[in-house]
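Participant: The hints should help you fit chains B and C onto chain A, whose structure is shown.
Going down the list, the protein sequences come from chains A, B and C. Residue 472 in our numbering sits at position 472 of the first sequence; the count goes up by one each step and never skips. Residue 54 in our numbering sits at position 54 of the second sequence; the count goes up by one each step and never skips. Residue 158 in our numbering sits at position 158 of the third sequence; the count goes up by one each step and never skips.
Derived by calculation from the structure, the hints in this document are not laboratory data. One or more of the hints may lead you astray.
Said to hold, decoys possible - Simulated crosslink set (DSS-like; lysine-lysine; CA at most 27 Å straight-line): (1) Lys249/B <-> Lys396/B; (2) Lys111/A <-> Lys21/C; (3) Lys681/B <-> Lys157/B; (4) Lys471/B <-> Lys681/B; (5) Lys23/A <-> Lys21/C; (6) Lys162/C <-> Lys59/C.
Said to hold, decoys possible - Take a look, some chain B residues computed to stay more than 12 Å from chain C by CB distance: (7) Arg164; (8) Gly185; (9) Lys249; (10) Val411; (11) Asp583; (12) Asn632; (13) Thr641; (14) Gly689; (15) Gly708; (16) Phe911; (17) Gln945; (18) Ala983; (19) Asn1008.
Remember, predicted model here, so these are calculated numbers, not experimental data. Ideal Cβ positions, reconstructed from N, Cα and C, are used throughout, including at glycine.
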Amino acid sequence: MSTNTTLQDENPAVRAPLVLGGKDFHGVTTAVSEIVERPTPKPWILGFLISLAVLGILGATLADLVGVGIGEWGLNHPVGWAWDITGFVFWIGIGHAGTLISAILFLFRQKWRTSINRAAEAMTIFAVFAALLFPGFHVGRIWLAYWMFPLPNQMNMWPNFRSPLLWDVFAVSTYGTVSILFWYVGLVPDLATLRDRASTKLRQMVYGIFALGWRGSHRHWVNYERAYLMLAGLSTPLVLSVHTIVSFDFAVSVLPGWHTTIFPPYFVAGAIFSGFAMVVTLMVVARAAYGLHDLLTIRHLENMNKIILATGTMVGYAYGMEFFIAWYSGNDYEVYAFTNRAFGPYAWAYWTMISCNVIGPQLFWFKKMRTSIPVMFVISITVNIGMWFERFVIISTSLHRDFLPSSWGYFQPTIIDISMFLGSFGLFFTMFLLFVRYLPMIAIGEVKAVMPAANPHGEHGEDERHTAEAAHAHG
Amino acid sequence: MKRAPYTYGQDLSGKQYWRSLDELAETPEFKEALEREFPDGASELLDPVTRRAFMNLMGATVGLAGLTACRRPEEKILPYSKRPEDVVEGMPLYYATAMPFAGTAIGLLVESHTGRPTKIEGNPRHADSLGAANVYAQSSVLDLYDPDRLTSSYEGKVSVENKRTAEQVKAALSARGTALKGKGGTGLAILTEAHRSPTLARQLDEVKKQLPGAKVYRWDAFSRDNVREGSRIAFGRPLDVSLALENAKVIVSVGSDFMHTEGSPVKNARAFASGRKLAEANAEMNRLYVVESHYTVTGSNADHRLRIPARDVPAFAMALARELATAHGVNLGDVTGAVDAYKPELVEKTGKWARAVAKDLAANRGTSALIAGDSLPPAVHAVVAAVNHALGNAGKTVNYVKAVDESSDGVASISALVQSLKAGEVDTLLILGGNPVFTAPADLDFAAAMDKAAVSIFHGLQENETAQKAKWVVHASHYLESWGDVRALDGTASVVQPLVAPLYASFTELDVLEGLLGGTRSSHELVRATWQAEKGGVDFEKNWRRALHDGLFAGTAYAPEAVEAKPADVAAAARALVVQKADGLEVTFHPDSHAWDGKYANNGWLQEMPDPMTKLTWDNAAFISKATADANGLRSGDVVTLSLKGGGSLTIPVLIAPGQADDSVALTVGQGRKVVGGVGKGVGFDAYGLRKTTGMSVVQGASLSKTGGRHDLAQTQTHHVMEGRPLVRETTLEKYRQTPNFAQTMVQHPPLLSLFDDFKYEGHKWGMVIDLTSCIGCNACMVACQAENNIPLVGKKGVLMSREMHWIRVDRYYEGDIGDPHAVFQPLPCQQCENAPCEQVCPVAATTHSSEGLNDMVYNRCIGTRYCANNCPYKVRRFNFFNYSTDNITNPKELGKGPEVNWSTTREMQFNPNVTVRARGVMEKCTYCVQRIQEAKIAAKREQQERVKDGAVVTACAQTCPTEAIIFGDLNDKGSRVAKHAASPRDYGILAELNTRPRTTYQAKIRNPNKELEQA
Amino acid sequence: MHTAETNAKPTRPFALVGWFKTPAELYHACEKLRDAGFKHFDAHTPFPVHGLERAMGLKPSRLPWIVLCMGLFGLCVGFALQMWTLGVDYPMNISGKPFFAVPAYIPVAFEVTVLLSSFGCFLGMWGLNGLPRFFHPVMQHPSFHRATDNCFFVSVEVKDPKYDATRTLKMLEEAGAQELQEVAS
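Pulled out of the complex, with its shape left as it was, chain A reads as follows (with noise of 0.2 Å):
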């Protein structure tokens, strides 16, 4: 079973293993189970440390936010919305990658997935943790921020559901709740397989507790594959609404450059497009650090450069067709709009955008690029700069110019701004650094489901043999 990768490359009618370096069931389980057991890296504390220190800004940030006020941010009267939505948005759809990996690909029955989905999803949870900030601390009266859940309440005042920021609020926390759901019920084997192969009394008995006393039952296996089936059913059109509500935001308001039919498609590309260059960032990262090369393999890597390449052209078509509607709609306002995006004073930022979400993917035609370590490691990044300043171009430069030319603004982050989204990277890195330190971060069982091995009529001839018999047992 061990197999001669090169050979395969070249060979496209045989797709590439996704394991390599001859691991069997066990040799799975050692690769993945050893990182979470072997004694804590240098590097793993190191960057722990540097992680904490910019959760302790972020600390700070909110301190003064709410201490204060929002005021210390740099908003003003045309520009109510700047780096704080643009935050929210930006993790967001950094998260949709996660869900998009395990859900949609395992509809499709992408096996590839495997090695990837779990971290993806832990980075959606913790992506959502980083969004939920954003919303949350940019209220005028955050300790009135609950009156936006339907409290019943003396009196009678209940949320206005017609609003999408409500919706905003139904959306996101179902995302979070239903990727922690999803989430955890793949964590339960590994946790299981921790659990026996625990050295110490407190780890069996930590991971024994949440592994909830799985013990591979076939019977509890045919409940659990179909409840992993249908939450994968259920996250898929769910991860699509939550971008397409996101969009709402904008695309049911009046403003020019907000008021856009085609939001909820281009908002979506868009998340999935940011989602898989950072889950790229990570792998990339993760990959090294622990010699993971046998379960990340380049085909993984090349097939999420794929989707990069996909979407990142997708939204390129969007930001070309929304100057062709606006033109096309004659309606000067419209129009205006987007002259300003790009020929305004915020006309620095557009550019920014369109050369790192549309112009650096492009590298991603040529299967050198795309499967170069370093190349896709820098455009993966690069994407993420473009994605967070394609939020920032479409709320800041269409309020700050909207019909009123006498109410014309403009926009400059201060130093809180600044720090407040520096602190939720603080955030999401604290979060995923503990995720791969003490939890599986590939997912064993299903990683060893896919290895040709795993086929109970996998050696030759065997599936006639098989068919032969059922046909006995049948008849």
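Facilitator: What follows is chains B and C alone, placed relative to chain A:
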């Protein structure tokens, strides 16, 4: 360009709108220019004032006194255990009084809540108010509660140890008085402001009688001496000019800002607008020509504005007279010869103008008015008077009325005072109000002269430059807490009636003089006595009470004098007139739109009130034209040194002001006070240093040099063009007559259909109509709204970050040539859309529609997502980024984020108890003064009317508008004024194509240009 | 050793447990048990072995029905909440829109549907599997910890009528099972 499905039709006014200043001239600094919009934090904060805490305590203690106001003659402070008559807690009371203002008086009705004056309104009975008030009157209530006011008298410097009680002050005064009586009053000099108070005059006469040696002087930074002198030359006696523009068809202003700063501005604005109200399409309209160097409010309302340097303005007046006499046979007698030197072409491009204007004037004899600016030389006023007389305008459109008194209040008087001070003739200098050390002509060096007086007593509201040099500082009463009287420009006499007992046991001018004379009569007794003499008789008590109630003594207005022209004298004066020759740059001086002559420098409302034309706040700057800027390589915000040949220089930022004459620098005096309260501190630059007796209004021979420094100028509007958007829709009278509904057809859009049934508004349906033809852009509505709705200030830094909170703003757009543009104004309150985009997006339903169609804002439900503001196409929603109302007092960290005036124990007393003071993190906006609507509905219910009558509820902005441009009422009441206006063909809603269904609509702007000047 | 002690006890054993090296062997063993008419037997594998449920003759999961019910319930709750709060309990004129603005209520109704279905799916699955259950007799098999690594266990419960200590043992040995031994209940 093809513009289906919806497009703007042909702009009937045929005007080309240019893009913003720098965009027009595609300068390489275009990008920088845009970056200039950066509300970047690098602006100086308003620095905290250390005395504040102490002041608050003072405020608190005496505040209690204020809470028990009473206008009883006894002037006793009564506790509510014995409630003053008429006072019902929660029910406001209105008292009539009058505010002395720049050479006239504005009659007022002041709203008072449980004894606290909270809101100023105009007095409909008063000729100079007619129910309206201007920005200065509106904001004067804030000065009453200014925490930086003098709260005690001092002997020497203002400091705790120098405090003196009222008794000590009285004792000291009478001691001085007796001392002076000893030497027959010699050595006593009294300097007053340009007052118009009969009682004060009487007191001063009394002083002269008892102290024959005493001398009385006057000083006003913006004296009207030249006007009176002009009519003295023309008619033989010094008469004041009171306009009756309602009778004028053609109005020509030669350098006069009569609608905003000169004469009786409120009355003039009303009269001007009344001649432009277009009930139906065939209505007539007056026509206004303005000749000026600096773009004024009056100039912006002109049908034709001639932009020439100030030095050429007199020449133009002369040329006009010449043209009238020679071409139109207007009989000016000898004057004709005297002005013969002034060929119409004498000044560049004026020839055509002079001819056209002369023709128009001649065609409207008796129904035209020629108005000269206060600051122009007497000779010009004389010629103008002669022209008006010859045209038969005198007595019809231009009334020459008796001057309240004839003594000078200008350079002549103050120079004389300084003379005798320097000569050591004065040992006791009594300064009643004003701030001569700051405002007197620089070359007189009043400060130095003042030291010559052994005893100098300053009597004023605030500690200022003069107070600092005085040996005695006597704290004055604000007009809202003093008894007095004042005559308006036309002579109408009002009693200045206190709304509240003095907060700080302060003195009126009358008290001070009475003290000096050793008398014991209160101001109240003195005023009564004056009018007893005037209107004595058996029913005096009745007249007096009526006067208190009406706010004026009926029939006290002077009748227009029958005048006889003296052409010979006018000719002589005209010949003697020396026209200034071009020599480098010229500098002109104007009152500051925020600080006036400096007396309002500590008034936060005024400081944050954008200048009507430049929209500049919290500052003053040297206004220069684009051409002048380019010639000197300057951009707005560049700091320059402005030096005069005659000596003297000033470091000040420049601001490119479209419409400013080339090679002419307009300066406003009054800012840059050194000794001032926390609000005015560090605001602006003091231009008085350049103002000398030799050039009080215009001076030549100035030069600019760039210092390389930059200064942040906080403007509330940074983009000055409409981008070709149909926001202000305007056309000419002629075109309007052809297509009265041009405004409604200007934007073509698909039918505005709805998927579902609209809400029905059965009961009241409140709406507002704003007539852009009437709006003169004076900002009165903005302050009125600020006072009525407890709107906080955000300070210079706030404005720089475009966080100003005004609920109604006046947008000003320029169009046409950048050097000489034409300006339009558009007051913009919440449009109260029926399909309000803001409501749908609020996640907590904090803003919803009332059954009467108001777009209600529920402050205590708002959590501050700002989504509503983002989705408001009109950007009228205002967000409390900080606790503007309180934190700047309670939390030092907030200082500078909102000026201190937002809250202090005294400031608190001004708040309107019927309006919530908004907290941090809450969105706010115009509510159509919902508190007033509720009041009116309750009243209607009480009187068993089934619905509120038209006019029973008026919004603050509509009430104070001098030109009645804002009309508010019930659209369901077909008879109401608002319903009638809404039905007019001129009516349109801005951005109505978005189907927001705005309840606030606009009446298109109509201008009445002269054909001959049109093809220019 | 752990299991040894339990064997020493005179209690009735719970099941016969053994393991195979490959999924294929386990698959065939299960087929045999199925064909032999065994009901109370189970397989324990590190990952779901493809098609094993057929080999074991298991019925398909009932989970989908639970999820469907929860989903429909969520849909109703979602719509009812919005209709009642904004249309009945406290109707307000918002942007001149109707009180029962059904299109505007779809997103929230949809999210609630998904949320409740997911909960149904998650809890339903553990419920059907009778988990969490931290101890189970088969765990007493000395090598059972490898069931989550690379061994494919089979367990035949003693209570199965077809169970016969010796014959079943033999049958599984033939199928290639290793370390076959009975574990106590």
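Participant: Tell me the numbers of any earlier hints that the structure contravenes, in ascending order.
Facilitator: Violated: none.
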